[in-house]
Amino acid sequence: MIRFIHTADWQIGMKASGLGSASQAVRDARLESIERLVGIGNEKEAQLMLITGDVFEDNAVDRLLVRKVGQLLAKFKGKVFITPGNHDPLAPGSVWEHPVWEETSNLTVIRENKPIELENCTLYPCPLKEKYSTKNPTSWIKAQDSASIAIGMAHGNVEGLPDVEPDFPIPQNAAETAGLDYLGIGHWHSYSPYKDREGAIRMAYSGTHETTKFGERQSGNALLVEISKRGATPKIEVLPTGALTWHSMERTLESPGDLKALINELNNLNEPDKALVRLRLSGLLFASDREDLESIGEILNARFLFGELQAAALAPAPEDDSWLEELPVGALREAAETIRQQAMRGAEERDRAVATRALLELFDSKEKVAR
Amino acid sequence: MILKRIIVSNWRSLLNDVEVGPFSEGLNVIHAPNGTGKSSLFEAMRRGLFDAHHVTGGEIAAVQPWGRDLTPSVAIEFIEGDETWRVEKSFLSGKSAKLLRLEGSTFKPVADGRNADDRIREILSAEAPGRGVSKQEHWGLAQILWAPQGELQLDKISGNASESLKAALGVQISGESGGQIEDRIEARFLEFFTRKGGYKGGKNAAPVVLLQEKKDDLAEHLVSLREKHMTFEQSGHNVEDARQRRLQARREAEALRETVVKTRNSAENYSKLKTEQNNKRETESLVKEKYDLANAKQNQIQDRRESIAELSKSSKDQELKLTELKKEEAQAKDALATKRTAQETARGKRSQINERQKKIETAREYLQQTQDLEDLNKRVTQISELQTQQADAKKRLEKILAPESKTIRDLRKWIGQRDQAATALKASQIHLAITPEKAVEVENATDNSKTKVEAKKTLEISGDDWVDVSVPGFGSIRASGPEGSSDEHRSQLEKSSEKIESLSQPYGTDDPDKLQDLRDQADKLEGEINALENRITDLLDEDALEELKKEQVELKARITETEKVYSDWKDQPPVLSKLQSLYEELRKGIEDAITEAEDAFEKAQTRHVEADKALSDATAEQKVIQGQLEAANRELADLTSDKLSDEARKKAISEALMSWQAAKNAAEQAEEALKQYPDDPNKELGKLEKQLLALEDAESKARDDEKTAEGQLQTLAAEGTYSKLVAAEEEQATLETQIEQESIRMDAIKLLHETVSENKSRMVASVSAPVARSATRMLSRIVGPRLGELKLSGDFVPEAIRPEIASDSVLLHNLSGGEQEQLYLVARLALAEVLAKHQRQLVVLDDVLNATDSGRLARLLNLMEEVSDRLQIIILTCHPERYRALEGAEFFELK
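Protein sequence lines, in the order shown, are assigned to chains A and B. Under our numbering, the first residue of the first sequence carries the number 1, and numbering increases by one thereafter. Under our numbering, the first residue of the second sequence carries the number 1001, and numbering increases by one thereafter.
Just so you know, these hints were derived from the structure itself, not from any lab. Misleading hints may appear alongside valid ones.
Stated by the list, open to error - Cut-off 20 Å, straight-line C-alpha distance, at most; resulting in silico cross-link-like pairs (DMTMM-like, lysine to aspartate or glutamate):
#1 A:Lys213 with B:Glu1736
#2 B:Lys1750 with A:Glu367
#3 A:Lys274 with A:Glu112
#4 A:Lys368 with B:Glu1719
#5 A:Lys129 with B:Glu1736
#6 A:Lys68 with B:Glu1719
#7 B:Lys1588 with B:Asp1571
#8 A:Lys368 with B:Asp1183
#9 A:Lys142 with A:Asp196
#10 A:Lys79 with A:Glu130
Unchecked claim - A partial selection of chain A residues facing chain B, derived with a Cβ cut-off under 10 Å:
#11 Leu65
#12 Lys68
#13 Leu72
#14 Ala74
Even for Gly, the Cβ is constructed at its ideal location relative to N, Cα and C.
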């Protein structure tokens, strides 16, 4: 029997674009998740940790990160096997030349397509040596005659995925073809299992251990895989490892007061210090909702690890004359009407956004004068 | 505001308390001579109402009377709205301020000090000036209504005055709160933008500008980070490439090494075989040599023997030939001697030719000399004859005494004058002609002479002034003549006669014609003498006559000498042509003979030389034959020194031949063995070893490149280029987001500002139009239609005029001083009327119409009378008479 953690795509050192000051926190969270994963692995008494590629975002990441990862993995009680992926291939100057891998005794960076016989299983690793290739990395594996549990480790694109480049293509039946009990793959960040003809899951993307962007489903996990014997169906448990939550919200405003519900929703999000929130508003902005809109902006700025409000698609409600009535008669009111028309009918979204913002500026000035 | 009265003391030239008022609510004229203090009064009013009592500085200090330490003070009573106020203010050392309000019938204090200053401004809607004295922009409505001396021009209306105008026009452009909102919008706009609409830069730059600058700086940094990361990746490739090259070179080197070993073995075998072949060939060669030597020796012996026989025969033949040649040579030598003699004889005759030639030359000279002498004789003869003629002419000339031509001319002149004088004298005298019928004796009393006159003969008697004659039996006759001086003519006549005498006396006649004849003769002779002289000169040709004669003598001597040698020439001169032909004949004959003799000699010489040469050659040949014979005998002796017989030698030769054959066969076998090698493997071995060396070098170089690239890679890897790049790109993305957000915010602020401004301008434009129309009407009443329409800015300030005939507006500085005066005055009055819509306002005009003529002034006064229904007008002037026509005006004289 063999019990092991299958994980991949840690993407340590990755770029977190558009997250402002939260970028570093996002990167730091990925290291913390490794610690959590190691802890879970020890807790589950996993014998092995198989990391199938893309531990690092790039071979040129800061070497301190490399050392940190090595140090974190050293805390795993079992053995760690790593196959380099397409982001961190085994190339000259790679992260795998760092001395930490030699220093850590329980850790092996696999550098060749050669079976590794362990006590309870045989590993069939497919380390990648370059960023791109149209060759099936698992094609060398012939484990049909293996007496012990055969576990493959690979990194690439499962064939048949739509709109995907044929980089390191892996057939959907690769595990079966190669005679493997389980083929752990990396590359895609969402957990995706693949069943064989008998309906058993023998091949799976573990997904990334910590979500990397908004809209990434089924990520922030690792897999605990248990295979009782050679030929047995693997038992797979999805272990949540991610700490950050990514919330991508879109709301359309139709009536005055719609924003209040949204404020409640935002306030009710759990662990806001670990939440990244992107809120896109569209629809009608009523004059009475200005303060709520401002509040939402403040909540997003202050409450969450990262908060972003996209309100360019909001336009002043055409039937809401309070936009105008609150203003003194004269040039200001006429100017407000002109701007409101532009906000409703501007040719480009940006023009409309500018006009809406101008209207809000006008009201802001009015209120400051009133104070 | 309506002014009631004003009291000023210690203000510039106004030392004692000066009180002016109470003013009429309509027209008022304050007048005084220059320097009396009219403008000071107006100034005191302004300072009292708008300046803080504690103001300091040069301007307020200047209001203190010169040379005195007095406290300038002013008190003003005025009505504003429904209340009557009194302001009492003192400045400088005695500064104080008090505001009082009329309550009941007395003025009660309302505020003092700074409070009073503030309240007064509040009442009049004025603004605090800050530091220093107030300026027009601080006066509130008064900046429109009050025109200090020289400041009638209205350039700007600031502060609340503009709003008051608009409010008075009943247009709510923005309202009070609206104005504040607009101000805030304006302030917000100016916080980030310049007035022209561009982003502010420098230390007050708009945030989007700073963000963009940051982004631009970051962009440069990003470029270098990207380059570095690319270098890292490229270095990885370089390491791989170098590694591949190294491995490839190693593989190729290993493959090549096997080939090298094989080739080396082949080369060794080949070398062995080659050596064997060479040895066998050498052996063959030695044996052959031996055979050849033996054979050659035998042949040589045979050759020598044959050669000796031939040479002996040749030697004999050569001896015979030598004998013959000697004979021939002797004969040729004799013939040569004979021909030489004949040649010398013929050449000897050449001297005859020279002699003959010399004779011809002498004859030529002789003939020439003879001719020359003849010519010379002729010449000398001619010269002598001419000289004789010349001497003769000179003698004749000497005999003639002829006057000069000038003398003759003078003579003619004097003769003419004499005749003239005589004629004039005669004309100036009285002439009496008596022709008696019978003979009488006439007595001339003039000169006391008596003259008998025959009958019918005429006696003429002349006298200068009169003639007095008497005739016996008749009486006396006296005739007096014309007036005029006969003396003069007589004197001239005498003078002329004297001159004639002096000129003609040497020549014996005073007849000019005769004298001229003499002159002509003399001239002719002189001409002859000159002509002869010229001919003599030509003949002499620059030679002296003596020299010619000397030459004659010389020629004669030479001729004589020649004739001594050739005496027959004396009688018979030589004929050159004949001499020449004889010479030619002689010369030809001699030359022909010489030529023939020389040819013969040459031929004989040639024959001798040939014979001699043949003999020499034959002798030399004989010597050679002898030498060869000797050499052949010696060689034969050498060749046969081994004392072997011919048979013995033949046998040795045969043995040598067989040995050679055997050696040859062995060598051929060795060659056959070598044929398995198409080419010398050593050549290939050399190339292969070079290739191997090159591959080893390539491997070594690739190793070095690999190490270098690895080193570079490690350095870059240690830098963590990707992480740095990521951080910079994240920052860039953040900046871009911020810039976009900020741009939207800035655009929104700008849009708001522009939209509000556009709307305001449109509204204000619609508001200022009626005021402009009112001002235009007033202006046309004063100046006529010429200036057309008056244009006001959005703040009601006169900007330009638009005459009907002009397509464009005309700026005001293009108007005359008087028209500008009138224009600004009516503009102020039009604005004052607007302000006075709800409350009468005070207009103050301090000496403002100095450039306006009487006609227009009258129309202005009419206008002022009309507007005084709504305005209180106070005019300060030093010409009260100009304003006497103002109906209902109160006049105040300032003393």
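Hint check: 10 Å Cβ-Cβ cutoff, leucine 72 of chain A to chain B: Cβ of leucine 72 of chain A sits 17 Å from chain B, so the hint is violated.
Straight-line Cα separation of lysine 1750 of chain B and glutamate 367 of chain A no greater than 20 Å? holds, 19 Å
Sort out whether glutamate 112 of chain A lies within 20 Å of lysine 274 of chain A, counting only the CA atoms. violated, 39 Å
Given the hint that lysine 213 of chain A pairs with glutamate 1736 of chain B, test it: the Cα-Cα distance must not exceed 20 Å. With Cα atoms ~19 Å apart, lysine 213 of chain A and glutamate 1736 of chain B stay inside 20 Å; holds.
Would you check whether lysine 68 of chain A satisfies its interface hint, that is, whether its CB is within less than 10 Å of any CB in chain B? violated, 12 Å
Given hint glutamate 1719 of chain B paired with lysine 68 of chain A - CA-CA distance at most 20 Å: Holds, at about 16 Å.
Can the restraint linking lysine 368 of chain A and glutamate 1719 of chain B be considered satisfied, given a maximum Cα separation of 20 Å? violated, 51 Å
Pairwise hint evaluation, aspartate 196 of chain A against lysine 142 of chain A, where the allowed Cα distance is 20 Å at most: Judged against 20 Å, a Cα distance of about 17 Å means the pair holds.
Pair hint lysine 129 of chain A and glutamate 1736 of chain B, alpha-carbon separation not exceeding 20 Å: Answer violated: lysine 129 of chain A to glutamate 1736 of chain B is near 36 Å, above 20 Å.
Pair hint lysine 368 of chain A and aspartate 1183 of chain B, alpha-carbon separation not exceeding 20 Å: holds, 12 Å
Once the shortest beta carbon distance from alanine 74 of chain A to chain B is found, is it less than 10 Å? Violated - the Cβ of alanine 74 of chain A stays beyond 10 Å from chain B, reaching only about 21 Å at its closest.
Pairwise hint evaluation, glutamate 130 of chain A against lysine 79 of chain A, where the allowed Cα distance is 20 Å at most: Status violated; Cα separation ~25 Å.
Comparing the model with each earlier hint shows violations of hints 3, 4, 5, 7, 10, 12, 13 and 14; every other hint is respected.
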